[in-house]
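Please model the complete structure; the sequences and the hints are all you need to start from.
In the order they appear, the protein sequences are chains E and S.
When we follow the working numbering, the leftmost residue of the first sequence carries the number 1, and every step to the right adds one.
When we follow the working numbering, the leftmost residue of the second sequence carries the number 260, and every step to the right adds one.
Everything labelled a hint here was simulated from the structure, so no lab data went into it.
One or more of the hints may lead you astray.
As the list claims (entries may be wrong) - To be clear about the criterion: a stretch of chain S counts as covered by chain E if any three or more of its residues have a C-beta under 8 Å from a C-beta of chain E, and this derived list gives those stretches:
1. 416-425
2. 500-506
3. 636-645
Every residue gets a Cβ at the ideal spot worked out from N, C-alpha and C, and that includes glycine.
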Amino acid sequence: MIDVLDVSHHYGLRPILSHINLKIPPGQLVALMGANGVGKSTLLNIIAGIMSPAKGHVEINGLRRRADEQTELQIRKLTSYLADHPWLPEFMTGREWLLAIGRLYDLEADRLMDHISRLLDLFQLSDKGEAPIRTYSNGQKKKIAICGALVPETPILVMDEPFTGGLDPSAILALSRVLKLLAERNGVTMVMSSQIAEMVELTAHRIAILDQASIVAYDTLEGLRAKSGCNGSLPEVFERIVRPRTVEQIENYFKRPPA
Amino acid sequence: MKRSFHVYSKAVWPSPGWVLLFVLPYVLLALGLRILNYNFPGVPMSDLPEIGSARTWAISAAAVWYAMYRLVRFHPICSFRYESWLKTTPWLADKPLPLGPVLPVWQDAVVLGVLAAFAKWQAHVDPVMPVLAFGVTYLIGMNVLLALTRTWSSCWALGFLWPVFLIPGASQWLKIGMGAALLAVVWHGHRKSLRTFPWRKENPSSHRPPIIIYGDLIFQSGIRLERPQNVRTPTSVGWPYSCLSPKYIPASVSRLNSLLGSLLAGWWTYCIIRASDAPPIADLILFFTIIGAFVRFAGYCSGLVPAVNIGGRIALGRLILPGFDRVFLTPLASIGLAILGGMWIHHAGQHYAPVCAAVVSVVCFALLSGGPSVRKWVLTGDHRSCRSILQQTRQQPLTQV
Numbered sequence: 001m002i003d004v005l006d007v008s009h010h011y012g013l014r015p016i017l018s019h020i021n022l023k024i025p026p027g028q029l030v031a032l033m034g035a036n037g038v039g040k041s042t043l044l045n046i047i048a049g050i051m052s053p054a055k056g057h058v059e060i061n062g063l064r065r066r067a068d069e070q071t072e073l074q075i076r077k078l079t080s081y082l083a084d085h086p087w088l089p090e091f092m093t094g095r096e097w098l099l100a101i102g103r104l105y106d107l108e109a110d111r112l113m114d115h116i117s118r119l120l121d122l123f124q125l126s127d128k129g130e131a132p133i134r135t136y137s138n139g140q141k142k143k144i145a146i147c148g149a150l151v152p153e154t155p156i157l158v159m160d161e162p163f164t165g166g167l168d169p170s171a172i173l174a175l176s177r178v179l180k181l182l183a184e185r186n187g188v189t190m191v192m193s194s195q196i197a198e199m200v201e202l203t204a205h206r207i208a209i210l211d212q213a214s215i216v217a218y219d220t221l222e223g224l225r226a227k228s229g230c231n232g233s234l235p236e237v238f239e240r241i242v243r244p245r246t247v248e249q250i251e252n253y254f255k256r257p258p259a
Numbered sequence: 260m261k262r263s264f265h266v267y268s269k270a271v272w273p274s275p276g277w278v279l280l281f282v283l284p285y286v287l288l289a290l291g292l293r294i295l296n297y298n299f300p301g302v303p304m305s306d307l308p309e310i311g312s313a314r315t316w317a318i319s320a321a322a323v324w325y326a327m328y329r330l331v332r333f334h335p336i337c338s339f340r341y342e343s344w345l346k347t348t349p350w351l352a353d354k355p356l357p358l359g360p361v362l363p364v365w366q367d368a369v370v371l372g373v374l375a376a377f378a379k380w381q382a383h384v385d386p387v388m389p390v391l392a393f394g395v396t397y398l399i400g401m402n403v404l405l406a407l408t409r410t411w412s413s414c415w416a417l418g419f420l421w422p423v424f425l426i427p428g429a430s431q432w433l434k435i436g437m438g439a440a441l442l443a444v445v446w447h448g449h450r451k452s453l454r455t456f457p458w459r460k461e462n463p464s465s466h467r468p469p470i471i472i473y474g475d476l477i478f479q480s481g482i483r484l485e486r487p488q489n490v491r492t493p494t495s496v497g498w499p500y501s502c503l504s505p506k507y508i509p510a511s512v513s514r515l516n517s518l519l520g521s522l523l524a525g526w527w528t529y530c531i532i533r534a535s536d537a538p539p540i541a542d543l544i545l546f547f548t549i550i551g552a553f554v555r556f557a558g559y560c561s562g563l564v565p566a567v568n569i570g571g572r573i574a575l576g577r578l579i580l581p582g583f584d585r586v587f588l589t590p591l592a593s594i595g596l597a598i599l600g601g602m603w604i605h606h607a608g609q610h611y612a613p614v615c616a617a618v619v620s621v622v623c624f625a626l627l628s629g630g631p632s633v634r635k636w637v638l639t640g641d642h643r644s645c646r647s648i649l650q651q652t653r654q655q656p657l658t659q660v
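Shown next, in the form of structure tokens:
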């Protein structure tokens with residue numbers, strides 16, 4: 001369970017998050033959506049423990065982040081984070097790197113090695129497993145980073161834009177199915193940001209829409225449809241909630257001045 | 260047993276090639292002098308002070324090299340391959356080291372005796388010089404090796420004993436006694452360090468994540484596989500994995516070590532002041548405190564920046580954010596203590612040396628043990644983690660996804 005309690009944050013004079021309250025029940029996948037620069041990554045960074053909010057706090061399974069050293073280490077053991085642009089060691093091979101990540105979480109060696117092989121197989125990286133990460137393509141780097149988030153088998157998973165970064169369609173599909181099954185079978189609690197509405201529709205139990213530093217809607221897709229009064233696809237629902245004037249703006253754009 | 264001891268102890272002598280390296284230049288120098296004396300019989304070349312000085316340096320260099328050779332060649336910590344091999348043998352600390360002893364043996368006395376005799380009768384310089392050069396180099400080297408093998412109690416003892424030699428007016432017997440004490444501490448420390456072999460172990464409390472132990476990991480799972488030789492050992496698993504790791508426990512200085520380190524700094528200050536006729540040290544203390552404060556701040560904030568910048572503080576109406584700003588407290592307090600200490604030193608009068616020592620100790624203790632601890636700061640501070648330049652080295656470049 002993830003509890004975001006009255007979190008506010010500023011970048012300079014600009015408020016990026018204002019009194020955010022968000023409760024993510026166990027075993028659910030929540031997708032954060034919003035326009036670019038609206039604060040999705042900041043909120044995920046705060047949940048993952050990368051940064052401390054200016055006000056408010058985050059609780060993971062009832063434990064408050066940064067309350068004390070023991071609690072923070074306990075929370076770190078429960079949480080895994082896929083950053084938007086992580087930095088990976090160039091000279092390590094993919095398999096070595098995943099082993100190193102697994103060892104940070106004290107995973108049992110046999111189980112860890114087996115899990116790594118399955119992950120590499122899933123994301124079609126078996127052939128690249130023994131090659132240094134610097135030889136990977138952009139998409140392969142993204143895949144190995146995703147494997148790095150999945151390998152610790154933590155009950156809480158925080159992901160910033162997992163479907164972007166050059167992933168091929170089969171990897172996107174595989175990841176969406178894995179996330180869905182992780183929630184359903186293993187009860188993993190997940191929060192992710194994504195701009196790919198199809199994947200959000202396919203995987204997320206609930207969707208939180210951020211706009212103007214606040215959460216303007218937080219519900220299931222059906223709930224959002226009811227709230228927006230739009231029975232269309234998620235992009236249409238999103239547009240109705242966040243940018244109701246989009247159609248009018250498009251018309252204005254193509255309106256030519258009289259000759 | 261007798262025979263094996265004989266062979267074992269003879270191994271400390273350097274190979275003829277190394278001996279030639281020192282003998283040959285010396286012989287060339289002596290031959291040159293002979294030729295000059297032959298051509299200019301009226302000029303006593305050997306009596307020139309430059310020639311005497313060159314001889315002293317040459318013989319001392321040989322003694323220094325021999326001391327270093329004795330440590331580097333025979334101590335397992337100096338050779339990764341030797342240490343790795345020794346780990347695989349049934350060797351125990353109470354048995355002799357297989358490649359030869361680190362502590363002095365009678366063969367060392369022979370080598371030093373030859374050097375001293377050479378100095379006295381051939382080079383006509385002080386025969387104590389090579390013995391002294393060997394002794395000082397050997398003891399300093401052992402001090403370093405004891406630190407590398409984490410035999411801290413002996414390192415502390417040596418640190419406190421060394422500066423006694425600086426105190427002017429100390430009797431010859433006191434200095435001999437101190438030399439004997441240094442030898443005793445080194446001997447005891449070395450025996451103690453051997454008992455803690457192997458030294459290069461995976462340290463769970465290290466801030467470095469225990470990684471890339473590929474072979475070990477596979478060994479744990481029951482399969483033995485050699486780690487490829489060309490695999491480098493990085494110090495980080497990248498960003499943000501290292502900074503979010505549940506094993507991210509930064510190294511801190513314990514309260515006891517802070518106290519001992521501070522007392523040691525004060526004791527060295529006292530001895531140096533006694534040896535150098537009360538130099539003006541108050542400004543130096545302030546200068547080094549500012550550097551120390553900066554180093555501490557830089558160490559604490561490596562890869563961590565304020566979560567809220569100045570603009571954010573103004574917007575929030577909170578100019579001071581205790582969760583972050585506590586990192587400034589100890590450096591500022593230390594600088595304040597150094598300024599106050601400087602004022603005290605100016606009025607110290609005849610108690611100049613002890614007052615300076617006290618100020619240095621207090622400032623060092625404040626810098627080393629002032630809160631928050633690194634661990635507490637990293638895990639609970641109100642900061643934002645960013646990729647640190649320290650995480651990227653030539654051995655450990657990172658690539659962005």
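Check the structure against each numbered hint from earlier and tell me which ones fail, lowest number first. 1
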